[in-house]
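Visitor: Residue numbers (numbering that gives the first Met the number 0), protein chains in the order written: chain A, 0 to 573; chain B, 0 to 573.
Wrong hints could be hidden among the right ones.
[As the list claims (entries may be wrong)] Derived coverage of chain A by chain B (criterion: at least 3 residues anywhere in the stretch with Cβ under 8 Å from a Cβ of chain B; other residues may be distant):
#1 133-144
#2 244-252
#3 270-283
#4 453-465
#5 495-506
[As the list claims (entries may be wrong)] A partial selection of chain A residues facing chain B, derived with a Cβ cut-off under 8 Å:
#6 52
#7 119
#8 239
#9 381
#10 468
#11 470
Don't read these hints as lab results, they were simulated from the structure.
A virtual CB, placed ideally from N, CA and C, is assigned to each residue, including glycine.
2 protein chains.
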Amino acid sequence: MTNQSDMTNYLQTFVEGMISSGVEQAVISPGSRSTPLALLLHRQEKIETFIEVDERSAAFFALGLSKTSLKPVVLLCTSGTAAANYYPAICEANASHIPLIILTTDRPHELRQVGAPQAMDQFHLFQSHVKEFIEMAIPEGTKTMLDYAYWQGMRATDTACQIPKGPIHLNFPLREPLLPDLDRTLIIEKATEILVGKKQLSEEQLLECVDAWQEKKGVLVIGGSHTPKEAEVFIKLAETLNWPIISDPLANITSCGKTSPLIMNYADLFIQEVEMSQRPEVVVRFGMLPISKNTMFWLQSLDDATTIYFVDETGDWQDQLKQTQVAIQAEEQTFARAIIEKVKVKTVDSWCNQWIDWQLTTEQQLNELSDMNTLNETTASILVHKKMAENGQLFVSNSNAIRFLDRFSTAEANHYQLFGNRGINGIDGIVSTALGMCATNPERQNVLLIGDLAMYHDMNGLLLAKRYNLPLTIVLLNNNGGGIFSFLSQRQLEVADFEPIFGTPIDLDFSLVAQLYNAKYIKAESLEQLALLLDATQKQPKFQIIEVVGDRQENVQLYEKVVAGLKEKFGKNK
Amino acid sequence: MTNQSDMTNYLQTFVEGMISSGVEQAVISPGSRSTPLALLLHRQEKIETFIEVDERSAAFFALGLSKTSLKPVVLLCTSGTAAANYYPAICEANASHIPLIILTTDRPHELRQVGAPQAMDQFHLFQSHVKEFIEMAIPEGTKTMLDYAYWQGMRATDTACQIPKGPIHLNFPLREPLLPDLDRTLIIEKATEILVGKKQLSEEQLLECVDAWQEKKGVLVIGGSHTPKEAEVFIKLAETLNWPIISDPLANITSCGKTSPLIMNYADLFIQEVEMSQRPEVVVRFGMLPISKNTMFWLQSLDDATTIYFVDETGDWQDQLKQTQVAIQAEEQTFARAIIEKVKVKTVDSWCNQWIDWQLTTEQQLNELSDMNTLNETTASILVHKKMAENGQLFVSNSNAIRFLDRFSTAEANHYQLFGNRGINGIDGIVSTALGMCATNPERQNVLLIGDLAMYHDMNGLLLAKRYNLPLTIVLLNNNGGGIFSFLSQRQLEVADFEPIFGTPIDLDFSLVAQLYNAKYIKAESLEQLALLLDATQKQPKFQIIEVVGDRQENVQLYEKVVAGLKEKFGKNK
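Please put together the full structure from these sequences, using the hints given.
Guide: See the structure below:
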C-alpha cells in the first residue's frame, strides 16, 4: 500500500515540475482513479482548472486553450475508455503541433490483466499520435523518487513544447487509498530555467535565397496557422520582393489589418480561369498547402522552370505535390525578417500587375452579383469576417465554413485573429476548441463560424460555455446536412444514394439547443440584421447562437455563377 | 490511377467475403474517402445500413447491435480523426468480446507523410484494443487481387468471431476517383462454410470436477454477461449441487424468469454483515467477478480451506484476487450441462439453508423500510426490473444504475434480458449502445436505465432514435451529477473540493433534450405513475424519456439505513 503522504508528495512534486515548464491551466474530467491528481490540480493556486464530464469535449477545449495561449495545457482523466475519448483531439494536436500534457490514471501493476473493473491496456494508448508515452513509477516518497517526479513533470512538459510541439502522454498507476493528504503542504523550491534556441540559417545560406529570389517573377504561398503579427511579416516580405501573396485563411493575411494590392485573396476563384502568359520563376511556400484546391492544381501545373522553395521549422515535409526543390528548415519569422533586410531590388511591376488585374476583375465580378447582397451562407461568412473587431477572435469550422472565408473574404482594415483545426481538418470538437479560444481571452469579441453537422457533433461542448459563462457568439450556417458534398463528385449520385449517405439531414431545432445550454438564440433574417447582431458582439460579448438558414444547392449555384462569370470575363476557354 | 471498375469489383468482393462470414449490418459515418465502400454497403441488399454523423455514437450503436444479435457488425468511416472517435467503443468491444469489423479509409501511400489534408497515421490506430490490424492493398482488378479481397473480408470477419471474439481493424488506402461504378454488377458465387468446434473437457476432466464438487459446501459465483437461457442452466447447476448462487445482474440470473430460493440476489447487502459459521469448501466462478464489492471482499476473506474454480472459455484470467486454484478453459454452457448430468448426490440442505435465511432476513428488512414505497432512484430501478415484459430488453448504465439493480432486484417470474457495457464500465456511449439493442428487436419492449451524466455524455446518440424511429423508453435517474462518488471515499471531502470535481452538477432540462430529438417526455411523480408508464411500454413501445428526479444524498442515506438495519438483525458486531 502506498503511504497517503508519500503519494501526495510525489504527485505534488510532479505538478510543480509541470508548472516550472510553463503549465498554467488544466482540464479535468471526473473519475475515481484520478482523484489525487484532480484534487492537487484543483487546490494548486498557480493552475486554473476547468471541469468537463465528456472527455472528448474536454480534450478539444484544452486544445483551444493551448492554441490561443500558446502554452502547454494539462488534461486529466480516470482509467478506461475515458482516455480513449481524448483521441480525436490528440490526433489534431499532434498534427497541428499543440503541446497538450495528457495525464491518465491507471490500475497499479497488480491489478492489470486480472479483469479488474474499468481497467484496460493504457500503454501507448495514443499510438504514434503523441510525441512520447511515459509510464510513471508507482508513487514513493524518497528523495530519489520526488526528484524523479519533478523531473518528469518538468521534462515532459518541455518536450511537449519543443519544436515540433505536440502532445505527451503520461500514465500514472495509482494505488488505493486515492484521497491525498490535503492538509500537508510540501514546499518545493525547485524551478528549472530553460533557454531555447531557434533554427536559423547562416549568412551564406540567407544570401543564397536572396540571390535566387530578388528580381525574379515569384509568388509567395502561405499555408498553416500564423498570428496576425506573423502575417504582417509575410506581407512585408511580399512587398519587399514585389510578389503576389496567396494564403490560407488561417495564415491571418486577410485578417491582420494590413491591406495590400499584392494580397491575392480571390486566388481560389481566378487562378484556374486566367490565361497565365507569364509563369513564375520562383514559388516560396511557408507551411502546409493552403486550403484552396484550385491553388493546389495550379501549383501542380507548374513545370521545372519554376523553382519551389518550402520553409518549415518543424521539419515536416508538407508537400503532397512533391515539388519541393529547396527545403528551408528554419524558424519562419526570423528567416523572413532576415530576407526582408537583405533584399535590395524589387521584381518589376509588370509581374505583379497581371495578378492585381485578376484580383480586381474578380472583385468586380462579385460586386455585380445580386446574390452577394442577400443573406445566404456565403454572404453571412463574409459579413462575419468584416464585422470582427480589433483583437477579436474568430474560430472557423472545417468543411464548408472555412472555404467560404477562403474564397470570398478580402483583406480589410480590421485586425483580428482567425483560428481553426487544420491539422487533420475534422468536423469533430469544433465547439469545444472555439470555447477554449474564448476562455483564454473572454473579454474580447469571440465568434465561431460553424455548420450544422459540426455543431451537432460537438454539442456537448456547449456545457463548458454554460458552466464558465463563456461569451461566445456562434454563427450557425444551417443547411441541414453535409453541405460540402454538394461541391464534390458525390453530387453526381442519385438522390436515393446521396441524401442518406452524404446529405444526412439532421432536422434539429437549434433554438432548443440554445435553451438547453442557456444561450441566447436569434435567427438572422437579413444581412442587415446579421450586421447589427455582429456589431453588438463587439460591444457586449455574450453566449449566443445566431442561426443563418442556408441551402446546400444555393451555395453551389452561387459558386458556379461566380465561376461562370469569371470564365466569361477572362475568356480562357474561348 | 485505379480503374473505377477494378476498384468497384475489388471492394464489392471484399464485402461479399464479409457477408459469407455472417455480416448483415453496417453503421456508416459520412465522409469523402469512404465513398465507394459506403455506396456499396448501402446498395448491398444483404446488408442493413445505418447512418450516424457522430462516429463515437455510431461505434457504440454498432456495439449494441452486435451485442444483441450476436453477429459481427461493420463500422465504416472516412480518414482522419473520424476513426479516432471510434476508440472508446472499440476498447469496450475488445474487453467484452464483441466482434466489430472496423473499416477505415485512408490516403494511398503516395499521399502519406506529405501533409495531405485529413490524413494521419492510421496504422495500428487502435493499438492493443483490436485483435488484428490489416492494411489492405490498393484496389486492383486481377483475379489474384479479387481472391485476396474476398479472402480478407471472409477471414477477418471470421477472426473477429472466433473465441475470444473481438474487434478487427482494416484500413483501406483508396485513390481518386472515389465514385464506384454502380451500374455494373459483379456476380460473386463464392461462399465459404465454416464449421466451428467448441472447447470441451474430456470425460476424465469432467469427473474430476464432479468428484471435487458434489456433496461439498459450495457457492456458485456467476459474473459476465449471459443470456437468460444460459442463466437457466446456471440455476439448474446450482439446484443440482444444492448450492447458493451469487451473480452479476448482467448474468441474467434474476431476469431469466426462473425463481429459486438458491438465488442470493441480496448478497451485496448481507454477505459482509452475517456471521458465517460454515465457510465454503468450494467456490466455482464463471466469468469475471460480479459487480458487488462486498462479494469481492468476502471472496478475498476466504482462506486455503476453500478451493476456487474459475471457468472461462476465452482464456482470460479474470481474477483480480488471484485466488484461482483450478482454471477450466472450456465453453461454459456445454461444461455446465455436462456437470449437471454427472452429479449424483446433492449437498446437504443445512449448507444452503443458512444462505436462504440471510436472503429472507434481508428481504424482510427491505420490506420494513417505508422509503422502499416512495419514488426514489432505488425504487424506480427496482420497479423497472419488475415491469419488464416477456422477452423485453433492458439496458442498464454503469456507475449507480447497475448497482441499484444489483443490490435490490430479486428474481421474479418475469423473463427478459438485461444488457450493459461491463467490459470497461465506462459511462460513455450508453445511449447509443442501448439504441443498437433496440434496433435489433424494435418490436419488443426496450428500456434504458441511465443516470444524468451518462445521458449527457452520449446525448448525440439520440439522433439515431429520431432517424430510425427506435422505440426506446429511457428511464432517466437524474440526481444532477456524479451520484456514485457519494458512495465512495471522495464523499469525505469538503464541499468546495467535492462539488466541482465529483458532484459536477450539469443542470440540464431534459424535457428540452426530449423535444430536440422528438421523444415524448414525462416526469414521474410517484411510484404508481411510473408503474403505469412502464406498463404502457409493454403494450405500445415508443421513444420516450421518463425522468425520475433523484437526490445524491438520499441514495446514500437509504443504502446506509438498509445496512444499519441488517447490522441490527444479524448482530455480527455485537
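Visitor: A separate judgement is required for each hint: does it hold in the structure or not?
Guide: How the hints compare with the structure:
1. 133-144: Not satisfied, violated; 0 residues make the cut.
2. 244-252: Result for this restraint: violated, n = 0.
3. 270-283: violated (count 0)
4. 453-465: Satisfied; 6 residues make the cut.
5. 495-506: Holds, because 7 residues of the stretch 495-506 of chain A bring their Cβ atoms closer than 8 Å to Cβ atoms of chain B.
6. 52: holds, 6 Å
7. 119: OK, holds: residue 119 of chain A within 8 Å of chain B, min 5 Å.
8. 239: violated, 27 Å
9. 381: violated, 23 Å
10. 468: With a minimum Cβ separation of about 13 Å from chain B (threshold 8 Å), the hint on residue 468 of chain A is violated.
11. 470: violated, 19 Å
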